[in-house]
Amino acid sequence: MSAYIDTNIIVAKYVPTDPYHARSKAFLESVGSKKVVSPLTVVELMAVTCRQEEALQAPKEILKEPVRKRTRAIVEFFLRDSNLTLISIQASARMKIARSIVTVPLEYATSLRLATSLKLKTTDLMHLAYAENFRSSGEELDSFITTDAGILRKSDDIQKLLKIKAKQPPQAT
Amino acid sequence: MAVVPVRLSEDEVRKLNMLLERGAYRSRNEAIRALVDEGLLARLGEDEDVSQMVDRLLSLRKKRKMPIWFKSRKTAAEIVAEGRE
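If you read the protein sequences in the order shown, they are chains L and D. So the first sequence is numbered by this note's numbering: it starts at 44 and just counts up by one. So the second sequence is numbered by this note's numbering: it starts at -13 and just counts up by one.
There may be inaccurate statements among the hints.
Derived DSS-like pairs: lysine-lysine, alpha-carbon spacing no greater than 30 angstroms straight-line [claimed, not checked]:
hint, chain 1, residue 1, chain 2, residue 2
1, D, K57, L, K68
2, L, K103, D, K48
3, D, K1, L, K210
4, L, K112, D, K49
5, L, K112, D, K57
6, L, K77, D, K49
7, L, K162, D, K60
8, D, K48, L, K112
9, L, K103, D, K49
10, L, K103, D, K57
11, D, K60, L, K164
12, L, K208, D, K49
13, D, K60, L, K77
14, D, K48, L, K107
15, D, K48, L, K77
16, L, K210, D, K51
17, L, K107, D, K60
18, L, K77, L, K112
19, L, K112, D, K1
20, D, K51, L, K103
Label pairs and their in silico Cβ distance ranges [what the hints assert, rightly or not]:
hint, chain 1, residue 1, chain 2, residue 2, range
21, L, S143, D, K57, 43 to 53 angstroms
22, L, R156, D, K1, 45 to 55 angstroms
23, L, K164, D, L5, 36 to 46 angstroms
24, D, P(-9), L, A215, 54 to 64 angstroms
25, L, S73, D, E(-2), 48 to 58 angstroms
26, L, R137, D, V(-11), 44 to 54 angstroms
27, L, P82, D, V(-1), 51 to 61 angstroms
28, D, K57, L, Q211, 43 to 53 angstroms
29, D, D41, L, E97, 22 to 32 angstroms
30, D, V(-1), L, R156, 52 to 62 angstroms
31, D, G9, L, S143, 45 to 55 angstroms
Covered stretches of chain L (chain D as the covering partner; in silico rule of three or more C-beta atoms under 8 angstroms from a C-beta of chain D) [as the list claims (entries may be wrong)]:
hint, region
32, 72 to 80
33, 147 to 159
34, 204 to 212
Read the hints as simulated data drawn from the structure, not as lab findings. Even glycine gets a Cβ: it sits at the ideal position worked out from N, Cα and C.
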């Protein structure tokens, strides 16, 4: 089975003071379930790494590199360090909105469908849409691992709608 | 250096000769190598550039060091949520 990994789990692995640091690190480094992320995760990791520039601790040889190059290297390191699988489904949907018929990435159409039921933030909806689309494309994905309180509060609704269990990383043993 | 046989059309050879006549390159060999370099850089882009840095970070991790971390009072969920507001 596969698990979709929310960005906060990856970031928690690199924030030693985070209450979920040990659990996230242990889960991400565990073998067993395949751990997948989406292009949206990559964008969020890039944005977080840039925004947290003052908090970033890295070897001098990395810090002296141009920000763009350094950030890209760090994000690639995050993905490879936890053996995360980046998945992108090339699918689109036709939508009629405001008298225009437009072709949009499938994740947008799924997010629109989920918005009224889940009432979550846009990015949360997009991550869930990626997870749902991975699952419906044949990926055996059954869980969405996150520490986001808003998503976890909707766990039952997400399970009913998407057949995906939103949950925290398991306790580190 | 490796030798790679490549077939070029007459038009491509004519254009290469034009570059030589303009003095851009000293030989067709040099021109082709420079153009292949440019093409490779454009295609591979930053992926090529960051691979050494990523390998360095991963090798530090193998030595049980955490080469990258954030010294933050905020939780990871708070840090990520800031971008989702």
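Okay, which hints does this one fail, numbers in order?
3, 12, 19, 23, 27, 28, 32, 33, 34
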